[in-house]
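Enquirer: Protein chains in written order, with this note's numbering: chain A, 1 to 322; chain B, 1 to 322; chain C, 1 to 322; chain D, 1 to 322; chain E, 1 to 322.
No wet-lab data here; the hints were simulated from the structure. Hints may contain errors.
To be verified - Each computed SDA-like pair below joins lysine to any residue, with the alpha-carbon atoms no more than 25 Å apart:
(1) E/K263 - D/V88
(2) A/K263 - C/K263
(3) B/K133 - B/G53
(4) E/K264 - D/P275
(5) B/K70 - B/L234
Please read these numbers as outputs of a predicted model, since none were measured by experiment.
What follows is each chain in one-letter form.
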Amino acid sequence: MLINCAAYQGGKRIGDIAPGEISEYVKRPDCFVWVAIKDPEPQEVYAMQEEFGLHPLAVEDALTGHQRPKIEEYGDSSLFAALHVPIVKGDEIEVGELDLFVGPNYVLTVRHRFEPGFQAVRDRAEKEPHLLKRGAGYVFYALMDNVVDRYFPVVDALEVELEEIEERIFGESSPRRNIEHLYCLKHKLMVMRHMVEPLLEVTHKLYGGRVPQICQPVQEYFRDIYDHLTRVSLQLDGLRDMVITAMSVNLSMITLHEGEVTKKLAAYAALVAVPTMIAGIYGMNFAHMPELHWAFGYPLALGLMAAIDLILWRRLRRIGWL
Amino acid sequence: MLINCAAYQGGKRIGDIAPGEISEYVKRPDCFVWVAIKDPEPQEVYAMQEEFGLHPLAVEDALTGHQRPKIEEYGDSSLFAALHVPIVKGDEIEVGELDLFVGPNYVLTVRHRFEPGFQAVRDRAEKEPHLLKRGAGYVFYALMDNVVDRYFPVVDALEVELEEIEERIFGESSPRRNIEHLYCLKHKLMVMRHMVEPLLEVTHKLYGGRVPQICQPVQEYFRDIYDHLTRVSLQLDGLRDMVITAMSVNLSMITLHEGEVTKKLAAYAALVAVPTMIAGIYGMNFAHMPELHWAFGYPLALGLMAAIDLILWRRLRRIGWL
Amino acid sequence: MLINCAAYQGGKRIGDIAPGEISEYVKRPDCFVWVAIKDPEPQEVYAMQEEFGLHPLAVEDALTGHQRPKIEEYGDSSLFAALHVPIVKGDEIEVGELDLFVGPNYVLTVRHRFEPGFQAVRDRAEKEPHLLKRGAGYVFYALMDNVVDRYFPVVDALEVELEEIEERIFGESSPRRNIEHLYCLKHKLMVMRHMVEPLLEVTHKLYGGRVPQICQPVQEYFRDIYDHLTRVSLQLDGLRDMVITAMSVNLSMITLHEGEVTKKLAAYAALVAVPTMIAGIYGMNFAHMPELHWAFGYPLALGLMAAIDLILWRRLRRIGWL
Amino acid sequence: MLINCAAYQGGKRIGDIAPGEISEYVKRPDCFVWVAIKDPEPQEVYAMQEEFGLHPLAVEDALTGHQRPKIEEYGDSSLFAALHVPIVKGDEIEVGELDLFVGPNYVLTVRHRFEPGFQAVRDRAEKEPHLLKRGAGYVFYALMDNVVDRYFPVVDALEVELEEIEERIFGESSPRRNIEHLYCLKHKLMVMRHMVEPLLEVTHKLYGGRVPQICQPVQEYFRDIYDHLTRVSLQLDGLRDMVITAMSVNLSMITLHEGEVTKKLAAYAALVAVPTMIAGIYGMNFAHMPELHWAFGYPLALGLMAAIDLILWRRLRRIGWL
Amino acid sequence: MLINCAAYQGGKRIGDIAPGEISEYVKRPDCFVWVAIKDPEPQEVYAMQEEFGLHPLAVEDALTGHQRPKIEEYGDSSLFAALHVPIVKGDEIEVGELDLFVGPNYVLTVRHRFEPGFQAVRDRAEKEPHLLKRGAGYVFYALMDNVVDRYFPVVDALEVELEEIEERIFGESSPRRNIEHLYCLKHKLMVMRHMVEPLLEVTHKLYGGRVPQICQPVQEYFRDIYDHLTRVSLQLDGLRDMVITAMSVNLSMITLHEGEVTKKLAAYAALVAVPTMIAGIYGMNFAHMPELHWAFGYPLALGLMAAIDLILWRRLRRIGWL
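Build the full structure now, drawing on both the sequences and the hints.
Expert: Next comes the structure, spelled out in structure tokens:
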């Protein structure tokens with residue numbers, strides 16, 4: 001679905017143009033075209049391929065919309081980028097994709113499966129003509145910056161999640177639920193890492209070494225994005241490490257808890273076994289058992305059982321088994 | 001077994017040729033020969049060595065058919081490639097091999113142990129003469145692309161397998177079967193990784209840095225293959241990570257389950273031990289035990305046992321031990 | 001809050017200057033301005049941006065005060081550095097940040113969230129004009145050296161903490177507390193590593209390879225800092241390794257301890273079960289049980305029970321179960 | 001012990017020569033000397049040092065015969081190589097060493113501790129004068145190829161060993177033996193890895209980058225060796241990964257098995273405890289217990305016990321505890 | 001404490017000189033000064049700084065004597081090296097340090113905390129004037145070689161220690177002691193690794209790539225040291241791997257042993273529980289229990305108990321529970 005198709009001149013919006021007019025505007029040296037498509041039909045993209053003269057491999061990639069994050073140069077003056085956007089759905093993180101075609105005087109974005117779009121980026125850019133004047137490289141930066149900024153709240157939420165699980169682990173509640181949550185958290189971390197790591201690698205090339213021509217005027221801005229990505233990546237690494245540790249801690253806590261249950265059971269068993277033994281003794285059929293004939297033999301026997309149990313109970317309490 | 005032996009000119013098929021004529025056609029500058037062999041007899045390969053002038057080391061490799069995935073240059077203008085093809089057989093992944101000899105105007109494929117072959121690739125190429133015109137490099141790409149596309153369904157199936165095991169782990173059924181499945185899955189992942197990783201490494205050289213002459217006209221296509229391989233590799237890495245985690249989760253679940261069994265056993269033991277103790281007490285032989293002479297002593301005793309067990313049963317139920 | 005704003009000439013302090021005069025002094029070739037700000041208000045930083053002509057991206061970074069450790073060059077002659085300072089608060093390590101803008105004849109420090117500041121560095125520098133004469137590079141070194149020196153006592157404290165936990169583990173006390181402490185220690189190590197590792201990486205560039213112009217006269221000093229960082233990093237790596245090992249040792253100790261408890265329980269159970277069995281035997285109602293009619297039958301039976309228990313007790317003691 | 005000392009000309013053996021004549025033959029430009037020593041006495045090696053003019057450090061290395069695998073260049077035209085040969089002795093892998101001195105027209109091999117030697121290599125080389133003509137580089141390749149070929153059967157045997165252990169693990173037999181075998185297998189893998197990894201690294205330099213002059217004419221052959229080494233290395237990596245996994249699987253199986261034993265024990269305990277409780281009840285001494293006076297009271301009681309046990313036994317069987 | 005201060009000319013010792021004369025001798029082009037200090041007082045080192053013209057940062061390092069292993073160039077013609085020497089004290093490895101200042105015609109060694117010193121190196125060097133003639137680089141090599149040779153016996157001792165623990169693990173004795181020993185061994189390995197790894201890294205630069213001028217004449221000797229270090233490092237890696245494995249094996253053995261104890265306990269419990277049940281049955285008070293009135297009822301009952309226990313005992317023995 002075509003969302004936006006506008007031409008700009010000197011940093012200012014000339015107005016919306018028809019898709020068929022794009023190739024004309026792209027030819028004008030002082031003009032700049034910015035087109036946004038969402039969940040595209042094949043023919044929409046093929047039309048754009050014709051207007052902008054896009055490379056068939058990149059077009060095919062944008063149509064499938066399931067690329068790993070990457071930034072590829074085609075020739076000297078155009079780029080194709082695939083960026084991933086996290087979509088939090090309940091307990092899963094799904095992956096949206098933004099495909100970008102960037103040329104000397106155009107930017108074409110193809111958005112797959114996620115909301116909201118980048119109207120806010122366009123609005124802000126249109127309010128700052130001096131930035132928009134810098135051309136396609138700047139728009140590319142602004143869109144990528146917006147994408148990377150969407151990673152932070154997701155990773156922060158994962159950190160909060162881990163903290164909640166940690167509390168439960170040391171509070172000894174619901175080890176089974178903890179295991180499931182940790183597993184699920186680990187999975188989400190993996191999804192995020194696959195989103196961030198490949199991007200980190202390619203972003204590095206946008207400001208250091210052989211920088212693509214389009215990005216050269218704004219390469220310090222790309223260093224800023226690289227910085228943000230590194231921070232996300234560090235956070236993810238740390239989280240991963242702690243999740244693994246938390247898993248092993250949880251296992252230790254389960255083992256420990258089991259040991260405590262065993263002790264408790266043994267303590268209760270002792271409280272029952274000792275009176276049973278005494279009762280057994282006074283259940284023997286010896287002809288000469290003087291206690292049996294005492295007037296208070298029975299209450300004394302019961303008292304003995306109670307007394308021994310009381311003493312046992314106190315000692316077990318003291319050593320922490322009850 | 002010789003499968004196919006055809007000559008092409010200007011992107012169009014001239015016709016099948018006899019193996020003995022190959023060297024003639026290869027000499028013609030505008031001609032292109034594409035030969036396919038399957039599970040070869042030594043003499044077939046030696047005949048081809050003569051016709052194409054292949055390097056003895058590469059020929060030896062193609063005969064054994066048990067190479068690690070690799071792409072080697074021989075001199076300036078010819079390549080030898082060994083690609084692995086996964087063959088899913090029940091619960092195992094076996095490894096087929098496709099050996100490729102690529103020269104300026106020929107492609108010789110030697111297929112080992114797997115079906116189906118590459119007739120589809122040939123058919124499609126013959127329908128698109130403008131692509132076939134690009135020569136050996138393009139055919140090499142088309143074959144390699146086909147091989148790499150065979151990795152995706154296998155890896156996707158492994159992902160589904162893991163999801164099934166996950167469900168069983170958290171559904172607490174059959175931990176023994178889970179262990180075996182996870183171990184087997186781990187093994188299959190290793191087989192796939194050994195298929196993909198070495199290829200990933202060498203494919204990189206087909207589009208970046210010093211690209212072999214034959215691949216230069218289509219190097220952007222090889223970047224596309226590299227991309228696909230990276231995606232498979234990422235998937236495999238993620239799977240591996242989750243399998244290891246699932247193994248440790250399974251162990252935690254087993255330990256946890258054992259603890260629950262212990263508690264259940266203890267609960268039942270209590271339900272039997274307490275009446276036994278009471279019976280023991282009323283089995284004592286004291287001369288003066290007033291209860292023994294009550295008319296309703298016996299039913300009262302039985303009632304006491306039942307009552308205590310009922311109370312115990314309820315409490316144990318409440319704390320989740322039963 | 002502005003802490004300090006002084007101009008220097010030939011290594012000597014001319015005196016405090018008003019923030020509005022900074023740009024004047026910076027223009028004088030023989031002058032050097034050193035400004036310190038703490039937990040800044042945005043307008044303070046914007047004012048400094050104007051006076052010193054700082055890059056907007058760096059200024060934005062300094063305002064947020066949550067960067068990963070980094071050192072960035074802007075143009076040929078100015079640097080922006082973000083260094084982390086550990087703040088030990090009870091059982092947590094929080095992260096303070098020192099942002100540094102370094103130009104040919106100025107140093108601007110923006111301190112976030114931590115005490116004490118760097119008055120000591122300034123005092124020492126002012127007492128050694130021959131060092132201060134070397135200019136901004138030297139001041140940058142002196143501040144960075146002070147920051148890195150703050151890592152050592154923190155890491156040493158973590159080492160002491162680990163040793164205490166080790167003692168408790170092998171002394172078998174409070175495994176639950178040990179797990180919590182180890183987890184917490186692991187977390188603190190991660191915080192420290194995230195502080196040190198990125199810095200290590202960038203410091204390397206200040207003395208080897210393409211050294212920024214400002215740092216060239218004092219690059220051997222930066223090698224010294226790099227050395228200190230490497231030492232901290234090695235210590236952290238070692239600690240991390242041992243913490244992981246200690247965790248697994250703790251689990252082994254728990255399992256071992258549990259086994260010992262089981263044995264102890266079994267021993268006590270035996271001491272109760274055997275007399276119960278004997279009592280059961282003499283509680284049988286056979287008409288002809290000669291022992292029952294012996295005069296000393298009862299004391300003999302009790303004696304038998306005691307004797308067997310004594311023997312059992314001794315044997316259990318000997319094999320270490322009691 | 002001197003095994004062989006022969007001179008070659010134009011790929012053909014001239015004949016055996018006395019060790020003292022070596023230096024003469026080495027000086028002739030068209031001659032080539034190939035000497036083999038086994039478990040050498042120091043004086044033998046020193047004599048060779050004199051004849052060939054070997055470097056003292058390399059000679060010292062060859063005498064001790066306990067080097068890590070390496071290939072070192074001395075000057076522009078001579079090499080010293082130390083290769084490891086696995087010696088399978090029962091359940092251990094010992095390490096033999098082949099030290100090679102290679103110069104423009106000589107090869108000196110010093111074999112330590114292993115059999116068989118390299119007579120087969122020499123025989124084959126003498127039958128193919130066109131290969132032997134290529135000189136020292138080719139002989140070096142032929143010997144190294146023979147050494148590397150000795151790795152395959154050893155690694156394959158380790159794979160078979162792992163498969164046997166796997167079967168036993170999942171067949172649940174002898175966990176103790178499995179642990180020992182896995183540990184021992186891990187150790188053997190380490191020995192093999194230390195043999196292969198350092199060699200892999202240095203072999204890479206024999207065909208890519210700055211290739212030593214002696215190896216240049218046959219560098220494609222060294223690529224073949226590198227290929228073989230990579231395959232061994234991949235196999236070892238895979239084995240290592242699976243051994244670690246098998247260890248953790250074994251622990252899971254042990255834990256699982258223990259849980260099953262616990263359940264079985266509990267089931268048997270229940271079959272004994274319930275009749276004991278019933279017997280206890282009918283052992284009570286209440287004056288009015290009507291059942292006690294029934295003519296069939298006793299058989300009924302026994303029947304009750306048997307009936308309950310039968311029901312219990314069936315249920316326990318159904319849930320798999322017996 | 002000054003240990004030695006001698007001047008050499010043409011490889012021969014001229015004689016001991018006073019510390020104050022050093023600067024004179026260093027100026028003479030054909031002279032060479034070799035000074036050794038042990039556990040120095042600050043003023044000693046400052047005096048040497050003056051005489052040799054040492055860099056203040058290196059001097060500070062040598063005074064503290066707690067550097068990580070490193071080799072640093074100062075200017076074109078002088079080096080500072082810090083090497084670690086293991087000091088085995090009971091069950092701990094402490095770290096001694098040798099600091100070396102090496103210039104075109106001097107070597108100054110500062111030894112910290114360890115014995116014996118390097119008199120043996122000096123003696124041997126003085127006996128071989130042709131080697132000593134090569135100058136400071138050779139002396140540097142000889143000292144470093146001596147330091148590295150001190151690593152081997154320590155690492156070999158650790159290997160023996162591991163073997164002893166392995167035997168105990170599989171001999172099933174004292175798991176608690178094994179855990180402690182393994183932990184302690186792991187710690188010692190870490191100490192050794194921190195000693196060797198940084199050195200390995202820097203030594204590489206002394207023979208490959210841009211070699212410092214002083215080391216150039218003897219760079220093949222430094223390759224030899226690098227070789228020794230690599231061997232130590234490989235040994236340490238292998239040890240580390242096996243220690244981790246041994247830890248997990250030990251845990252498995254503990255778990256296994258526990259399972260065996262459980263079975264044993266259950267077996268004994270059965271031997272007591274069954275007679276108790278039989279005794280309970282014959283303790284019932286039914287009016288009509290024919291066995292009770294048999295003359296041999298009692299011995300028969302006892303016989304029954306014994307018989308069942310005997311059968312049980314045999315079966316339990318056969319399945320290995322007793």
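Enquirer: Now, for every hint given, state plainly whether the structure supports it.
Expert: Tested hints:
no., hint, result
1, E/K263 - D/V88, "39 Å, violated"
2, A/K263 - C/K263, "12 Å, holds"
3, B/K133 - B/G53, "23 Å, holds"
4, E/K264 - D/P275, "23 Å, holds"
5, B/K70 - B/L234, "20 Å, holds"
Checked against the numbered hints above, the structure breaks only hint 1 and satisfies the rest.
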